[in-house]
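Given the sequences, and given the hints that come with them, work out the whole structure.
Numbering (the UniProt record's numbering), first residue to last: 1 to 184.
No wet-lab data here; the hints were simulated from the structure. A portion of the hints provided could be inaccurate.
What the hints assert, rightly or not - Beta-carbon label-pair distances, calculated as ranges:
1. 121 with 84: 18 to 26 Å
2. 36 with 2: 37 to 45 Å
3. 36 with 151: 19 to 27 Å
4. 153 with 2: 38 to 46 Å
5. 15 with 132: 29 to 37 Å
6. 34 with 172: 36 to 44 Å
7. 176 with 121: 12 to 20 Å
8. 157 with 80: 13 to 21 Å
Claimed, not checked - Quick list of in silico lysine to aspartate or glutamate cross-link-like pairs, DMTMM-like style, CA-CA up to 25 Å:
9. 119 with 85
10. 147 with 169
11. 119 with 67
12. 10 with 52
13. 162 with 132
14. 93 with 113
15. 10 with 98
16. 93 with 52
17. 53 with 71
18. 93 with 16
19. 162 with 27
20. 31 with 42
21. 119 with 148
22. 162 with 42
23. 88 with 148
24. 93 with 27
25. 93 with 148
26. 53 with 67
27. 119 with 169
28. 53 with 8
29. 162 with 148
30. 93 with 43
None of these values were measured; they are calculated from a predicted model. The beta carbon of each residue, even a glycine, is placed where N, CA and C say it ideally should be.
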Amino acid sequence: MTTLTIRDAKPSDAAELARLHVAVWRETYRKLAPADAFAALDETRRLAFWQDKFAHPADQQYVLLAEINGELAGFTLASTSGNVEFGKLAEIKLLYVDTQFARQGIGRCLLTEIAQRLKNSGFTGVGLGVVEDNFPAIHFYTALGGKEGGRYTDSGPLWLSKNVIYAWDDIDQLLSTSLKPQRR
Numbered sequence: 001m002t003t004l005t006i007r008d009a010k011p012s013d014a015a016e017l018a019r020l021h022v023a024v025w026r027e028t029y030r031k032l033a034p035a036d037a038f039a040a041l042d043e044t045r046r047l048a049f050w051q052d053k054f055a056h057p058a059d060q061q062y063v064l065l066a067e068i069n070g071e072l073a074g075f076t077l078a079s080t081s082g083n084v085e086f087g088k089l090a091e092i093k094l095l096y097v098d099t100q101f102a103r104q105g106i107g108r109c110l111l112t113e114i115a116q117r118l119k120n121s122g123f124t125g126v127g128l129g130v131v132e133d134n135f136p137a138i139h140f141y142t143a144l145g146g147k148e149g150g151r152y153t154d155s156g157p158l159w160l161s162k163n164v165i166y167a168w169d170d171i172d173q174l175l176s177t178s179l180k181p182q183r184r
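So this is what it looks like as structure tokens:
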């Protein structure tokens with residue numbers, strides 16, 4: 001029997017977050033990111049990133065983990081946005097699912113839970129940036145009702161990527177869409 005659990009991440013999860021972050025990032029961006037970005041990204045770098053997120057959280061920051069039978073299957077990070085293009089929207093900064101657990105509804109569950117947390121914190125809308133040619137992510141967010149809400153270049157820690165903002169101006173729209181049963 002498979003059990004999915006969504007929980008708040010803790011500082012002691014930083015190493016596992018770093019491991020999965022690097023693995024999924026490399027798979028997702030293997031054809032999108034330049035070679036020097038791959039050379040620069042490693043678990044040590046991501047461990048420092050996660051340790052900093054726990055030590056110095058952003059305003060209204062949430063980090064959630066999805067676990068399948070106790071094994072880390074995905075994660076999400078969201079907070080108030082520091083990116084002017086997002087306006088008053090909360091920003092989902094990261095949403096990653098381990099490729100071995102892809103297409104099992106874990107991304108939807110994480111997105112639903114983080115949106116509910118953001119709504120409970122007083123946000124009425126939410127958005128996230130997607131690298132322009134990341135078509136699987138674009139399809140996922142548009143299938144859940146995300147609308148293009150702008151474009152920006154992310155200076156990122158590894159490379160300048162061109163991004164599209166997918167937004168839900170009404171967070172309840174995301175919540176109602178993401179709660180609908182999946183069709184396979």
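Status of the hints after comparison with the structure:
Look at residue 121 against residue 84: about 20 Å separates their beta carbons, and that is inside 18 to 26 Å. Our hint of 37 to 45 Å for residue 36 and residue 2 holds, since their Cβ atoms are close to 39 Å apart. A beta carbon spacing of about 24 Å between residue 36 and residue 151 agrees with the range 19 to 27 Å that was offered as a hint. In this structure the hint that residue 153 and residue 2 lie 38 to 46 Å apart at CB holds, the actual value being about 40 Å.
Hint check: residue 15 to residue 132, Cβ distance near 31 Å, so the stated range 29 to 37 Å holds. Evaluation of the 36 to 44 Å hint for residue 34 and residue 172 yields a pass: the beta carbon distance comes to about 39 Å. In this structure the supplied range 12 to 20 Å holds for residue 176 paired with residue 121, their Cβ-Cβ distance being about 19 Å. About 20 Å separates the C-beta atoms of residue 157 and residue 80, a value consistent with the hinted range of 13 to 21 Å.
Using a Cα cut-off of 25 Å, the hinted pair residue 119 and residue 85 holds, with the two alpha carbons roughly 20 Å apart. For the hint pairing residue 147 with residue 169, the CA-to-CA distance comes to about 9 Å; that is within 25 Å, so the pair holds. This hinted pair checks out: residue 119 and residue 67 have alpha carbons roughly 23 Å apart, not beyond 25 Å. Distance restraint check for residue 10 and residue 52: the Cα-Cα separation of roughly 12 Å lies within the 25 Å cut-off, and the hinted pair is therefore satisfied.
Distance restraint check for residue 162 and residue 132: the Cα-Cα separation of roughly 6 Å lies within the 25 Å cut-off, and the hinted pair is therefore satisfied. Annotation: proposed proximity of residue 93 to residue 113 holds, straight-line Cα distance about 14 Å (limit 25 Å). Proximity of residue 10 to residue 98 is assessed by CA-CA distance (about 19 Å); at most 25 Å being required, the pair is judged to hold. A hinted pair counts as satisfied when its Cα atoms are at most 25 Å apart, and residue 93 with residue 52 qualifies at roughly 15 Å.
Of the supplied pair hints, the one linking residue 53 and residue 71 holds, its CA atoms being roughly 22 Å apart against a limit of 25 Å. The hinted pair formed by residue 93 and residue 16 meets the criterion: a straight-line CA distance of about 18 Å does not exceed 25 Å. For the hint linking residue 162 to residue 27, the alpha-carbon distance of about 18 Å falls within 25 Å, and the restraint holds. Between residue 31 and residue 42 the CA atoms are separated by roughly 17 Å; this keeps the pair inside 25 Å, and the hint holds.
A C-alpha spacing of about 20 Å is found between residue 119 and residue 148, which places the hinted pair at or below 25 Å, so the restraint holds. For the hint pairing residue 162 with residue 42, the CA-to-CA distance comes to about 22 Å; that is within 25 Å, so the pair holds. Proximity of residue 88 to residue 148 is assessed by CA-CA distance (about 15 Å); at most 25 Å being required, the pair is judged to hold. Between residue 93 and residue 27 the alpha-carbon distance is near 18 Å, which keeps this suggested pair within the 25 Å criterion.
At roughly 16 Å between alpha-carbon atoms, residue 93 and residue 148 fall within 25 Å of each other, so this suggested pair holds. With a CA separation close to 20 Å, the supplied pair residue 53 and residue 67 stays within the 25 Å bound. With a C-alpha separation of about 12 Å, the suggested pair residue 119 and residue 169 falls inside the 25 Å cut-off, and the hint holds. At roughly 13 Å between alpha-carbon atoms, residue 53 and residue 8 fall within 25 Å of each other, so this suggested pair holds.
Restraint check: the Cα-Cα separation between residue 162 and residue 148 comes to about 14 Å, which is no more than 25 Å; the hinted pair holds. Pair hint residue 93 plus residue 43 holds up; C-alpha atoms about 19 Å apart against a cutoff of 25 Å.
Against the hints set out earlier in the document, no violation occurs for any number.
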